[in-house]
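For this one, chain A is given, so just place chains B and C on it according to the hints.
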Amino acid sequence: MNQTLLNYILQIADNSLILGSRISEWCGHGPVLEQDIALTNIALDLIGQARSLFQYAAEVEGQGRTEDDLAYLRIAREYRNVLLVEQPNGHFGTTIARQFLFDAYHYPFYKALMNSKDETLAAIAEKSLKEVTYHLRFSSEWMIRLGDGTDESHEKVQNALYDLWPYTSELFVPSETDNSALEMGIGVDLSEVKNFWNEKVDEILKIATLEKPQDGWMQSGGKQGKHSEHLGFILAEMQYLQRTYPGQEW
Amino acid sequence: MKNWPLWEIFIRSKQGLHHKHVGSLHAADEKMAIENARDVYTRRNEGISIWVVESKYIHASSPDESDSLFDPANDKVYRHPTFYNLPDELEHI
Amino acid sequence: MVDITSLEKKFQERIDSEIKIEPKDWMPDAYRKTLIRQISQHAHSEIVGMLPEGNWITRAPSLRRKVALLAKIQDEAGHGLYLYSACETLGVEREDLIDQLHSGKAKYSSIFNYPSTTWADIGAIGWLVDGAAIMNQVMLCRTSYGPYSRAMVRICKEESFHQRQGYEILLTLSRGSEEQKAMLQDAVNRWWWPSLMMFGPNDKDSTHSAQSMKWKIKRKSNDELRQQFVDITVGQAKVLGITLPDPDLKWNEERGHYDFGEIDWEEFWNVVKGNGPCNRERMAARKKAAAEGQWVKDAAIAYAEKQRKRKTETSRVA
Numbered sequence: 001m002n003q004t005l006l007n008y009i010l011q012i013a014d015n016s017l018i019l020g021s022r023i024s025e026w027c028g029h030g031p032v033l034e035q036d037i038a039l040t041n042i043a044l045d046l047i048g049q050a051r052s053l054f055q056y057a058a059e060v061e062g063q064g065r066t067e068d069d070l071a072y073l074r075i076a077r078e079y080r081n082v083l084l085v086e087q088p089n090g091h092f093g094t095t096i097a098r099q100f101l102f103d104a105y106h107y108p109f110y111k112a113l114m115n116s117k118d119e120t121l122a123a124i125a126e127k128s129l130k131e132v133t134y135h136l137r138f139s140s141e142w143m144i145r146l147g148d149g150t151d152e153s154h155e156k157v158q159n160a161l162y163d164l165w166p167y168t169s170e171l172f173v174p175s176e177t178d179n180s181a182l183e184m185g186i187g188v189d190l191s192e193v194k195n196f197w198n199e200k201v202d203e204i205l206k207i208a209t210l211e212k213p214q215d216g217w218m219q220s221g222g223k224q225g226k227h228s229e230h231l232g233f234i235l236a237e238m239q240y241l242q243r244t245y246p247g248q249e250w
Numbered sequence: 001m002k003n004w005p006l007w008e009i010f011i012r013s014k015q016g017l018h019h020k021h022v023g024s025l026h027a028a029d030e031k032m033a034i035e036n037a038r039d040v041y042t043r044r045n046e047g048i049s050i051w052v053v054e055s056k057y058i059h060a061s062s063p064d065e066s067d068s069l070f071d072p073a074n075d076k077v078y079r080h081p082t083f084y085n086l087p088d089e090l091e092h093i
Numbered sequence: 001m002v003d004i005t006s007l008e009k010k011f012q013e014r015i016d017s018e019i020k021i022e023p024k025d026w027m028p029d030a031y032r033k034t035l036i037r038q039i040s041q042h043a044h045s046e047i048v049g050m051l052p053e054g055n056w057i058t059r060a061p062s063l064r065r066k067v068a069l070l071a072k073i074q075d076e077a078g079h080g081l082y083l084y085s086a087c088e089t090l091g092v093e094r095e096d097l098i099d100q101l102h103s104g105k106a107k108y109s110s111i112f113n114y115p116s117t118t119w120a121d122i123g124a125i126g127w128l129v130d131g132a133a134i135m136n137q138v139m140l141c142r143t144s145y146g147p148y149s150r151a152m153v154r155i156c157k158e159e160s161f162h163q164r165q166g167y168e169i170l171l172t173l174s175r176g177s178e179e180q181k182a183m184l185q186d187a188v189n190r191w192w193w194p195s196l197m198m199f200g201p202n203d204k205d206s207t208h209s210a211q212s213m214k215w216k217i218k219r220k221s222n223d224e225l226r227q228q229f230v231d232i233t234v235g236q237a238k239v240l241g242i243t244l245p246d247p248d249l250k251w252n253e254e255r256g257h258y259d260f261g262e263i264d265w266e267e268f269w270n271v272v273k274g275n276g277p278c279n280r281e282r283m284a285a286r287k288k289a290a291a292e293g294q295w296v297k298d299a300a301i302a303y304a305e306k307q308r309k310r311k312t313e314t315s316r317v318a
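Chains as they are written, first to last, in my numbering: chain A, 1 to 250; chain B, 1 to 93; chain C, 1 to 318.
A couple of the hints might just be wrong.
Once the Cα atoms are required to be at most 20 Å apart in a straight line, the calculated PhoX-like pairs of lysine-lysine come out as [unchecked claim]: (1) LYS2(B) to LYS220(C); (2) LYS2(B) to LYS287(C); (3) LYS31(B) to LYS309(C); (4) LYS206(A) to LYS311(C); (5) LYS31(B) to LYS238(C); (6) LYS206(A) to LYS24(C); (7) LYS288(C) to LYS2(B); (8) LYS24(C) to LYS56(B); (9) LYS31(B) to LYS130(A); (10) LYS14(B) to LYS306(C); (11) LYS20(B) to LYS157(C); (12) LYS2(B) to LYS306(C).
Derived from the structure by calculation, the hints contain no laboratory data.
Pulled out of the complex, with its shape left as it was, chain A reads as follows (with noise of 0.2 Å):
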C-alpha cells in the first residue's frame, strides 16, 4: 500500500468533509431562500467531493474499509483537515470570508491537481474544479457585496476577515505528506497555489474595499492532526449513529 499516496487523499478529503459539513449547517437557516439553496449547493459538492476521495482512499487501502468508516471511525487526531474549514460558521459574512479564503486556496489547488501522475486524483480534481470554480465565484462576488454594501456589511465581513487571517497560512505550509506527495509527482506544489491565491485575495478585497490584514502570529496545527476545540464537537454529532449503535446498516 502506498501510504503517502493515502495520507495526501485523506487530507483532501477531510478539507472537504469538514467543509461541507459546515455549510451545511446553514440548510434552512440561509438569509434568504435564494442563498439558503446556494449554501446547500456548495455544501453537496463539497460532500460529494469527499464520498469520491474516502472511496478511492479505501481502495488505496486495501484493508476492507468502505467511505464511511474513514470519514465516521476515525478519532479527531487523525483528521487532517486546516484549522480554517473547521472554524464555526458565525454570520454569513464569517461563512462567506471562510469560504472565499478557502475557495481561493481549492482552486488552484485543483487545477494543479489536474495534472498529478495519479489518474484517479487528476479526474476527480477535473471533476471537483468545475465545482470550485463556481464557489470562489460565488463567494468573491458576495465577499464584494458584503465589503462594498452598507457600513454595517463592511464592518462584518472585516472583522470576520481579520478573526479568519490567522488560519490561512497553514494552507501553504507544506506537510510531511505535501512534501513527500509532491516528490513523488502526485502531489500538488503549495508554493504556486499561495500565489495564485495571494493574487486572487488581493484583487477581491480591492474591490470590496476591505483592508487585507496583516500577516501576524499564524495558526497550524490541523495537517498534523492537531485540532482546534471545534472539530470535537463537528465529529460528536457526526459520528453519534455510528457509535452509538456499532456496525449496523443504515
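Positioned in the frame of chain A, the structure of chains B and C alone reads:
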C-alpha cells in the same frame, strides 16, 4: 428596508431550443439573479443557458383585448398548408 | 359598467370547461384570496418543513444518507420558492407573506410542529409525511390556477425521490438490529396519526372545501384523499414488517377500502392553534433566520444601487 426585486427566469434546456419561462425568484442584481436561477431552476440538469429579466420590465397583453388581438387570426385558413387542394399523387410538396 | 354577476358566471364557465385561469385574467376576489391563503400556506409548510429534517443533517449516519437528505431539504426550499413565486403572480409580495407567517396570521402544516427525535423519524417523515403530501400535490397539478398548477407539476416531478428516500431508510432499519427495528416502530407510532391529520378536518367540518371544489382549486375532498393514503400505505407497512398504531384498521370488503379509527381532533386543533410540541421552536428558528438575514439583504441592495450609479456615471463620461 427594501426587498430584492423579482426576476423572471427563462431557461434553454438544450442547444437548438428556445429559452422557456420557468418561474421567478428574488435577487439584488442581474449577476445574482443568474446564479440564483442556476441554483434554483437547474438543479437537475434542466438547462444550458439562462436569461433573467427583472419582472417590472415585462409588458403583457391584456386578457380584455384577447378577442381583438387573437380571434381575427381564426378565419385566415389560407395561412395553413391544408387550405390548398392538390392531387394526392403529387409528391415532395 | 361590467356586471359582476356576469363576470362571475363567465369565470365559472371557464373553470367548468377546464380552462386554466392566468394571472391577468379577471377572477372573483374570493378566488384570489383563497388562492393566496392556500398557496402561501403551502409555501410556508415547505419552508418550516425543512426544520425537523434539517435537525438530522449533521447526524446523518452515512455520507450517502447525508447527501440525499441535504438534496431533499434543498428541494423543499426550492418548492417553497416556486410556491411563493406562484403566489406573487396574484399581486402579493413574498416578504408580506413571510411576515404573515411570523406574526402567526398565516398557518402552515401542523405536522412540522412534531419533533424529529431519532434517525428513524427522517425515514418516517419521507414515507408518511411526504406520502401524504404527494396525494394532495398530485391532485393540485390539475388545479384551476395556471401558475399554481405549473408549480405543482414541477414539484411533483422533483418530489418523486423524496418518499423513496424515506422508505429506503426505513427498509434498511427493518432489516437491521433489534434496536433499529424498535426505532422504526417507535417512529411510525409517533408519525402515523399526525400524518392522517395532514389532510385536514373531516369534510363535514371543513369550511373552505365546497367552494374550493367548485372553483376546482381542489379536486378531491379531505376525506377522499385521506382514504386513498390509508389504502396505499397499509401494504407498504407490511413490507416493513411494522404495525400501524390503529387497532381499528382493517379491510372493509364492502367499501373496498380500509376502515380506520377516529383521529384525535382535539390534538389536531390544539396543534393548529399553536400548542404543539415544537410550534414555538419552529417559528423562533424562522424569525431568527429572517432577522439575521436582513443586513445581508440590505448590503446586496446597497451594492446593486452603487453599481447602477457607477454605470450611469461611466456612460455619461463616455
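Against the structure, the hints:
1. LYS2(B) to LYS220(C): violated (40 Å)
2. LYS2(B) to LYS287(C): Judged against 20 Å, a Cα distance of about 18 Å means the pair holds.
3. LYS31(B) to LYS309(C): It holds: about 16 Å lies between the C-alpha atoms, which stays within 20 Å.
4. LYS206(A) to LYS311(C): holds (19 Å)
5. LYS31(B) to LYS238(C): violated (51 Å)
6. LYS206(A) to LYS24(C): violated (47 Å)
7. LYS288(C) to LYS2(B): holds (19 Å)
8. LYS24(C) to LYS56(B): holds (15 Å)
9. LYS31(B) to LYS130(A): Judged against 20 Å, a Cα distance of about 18 Å means the pair holds.
10. LYS14(B) to LYS306(C): violated (36 Å)
11. LYS20(B) to LYS157(C): holds (18 Å)
12. LYS2(B) to LYS306(C): holds (14 Å)
The structure shown violates the earlier hints numbered 1, 5, 6, 10.
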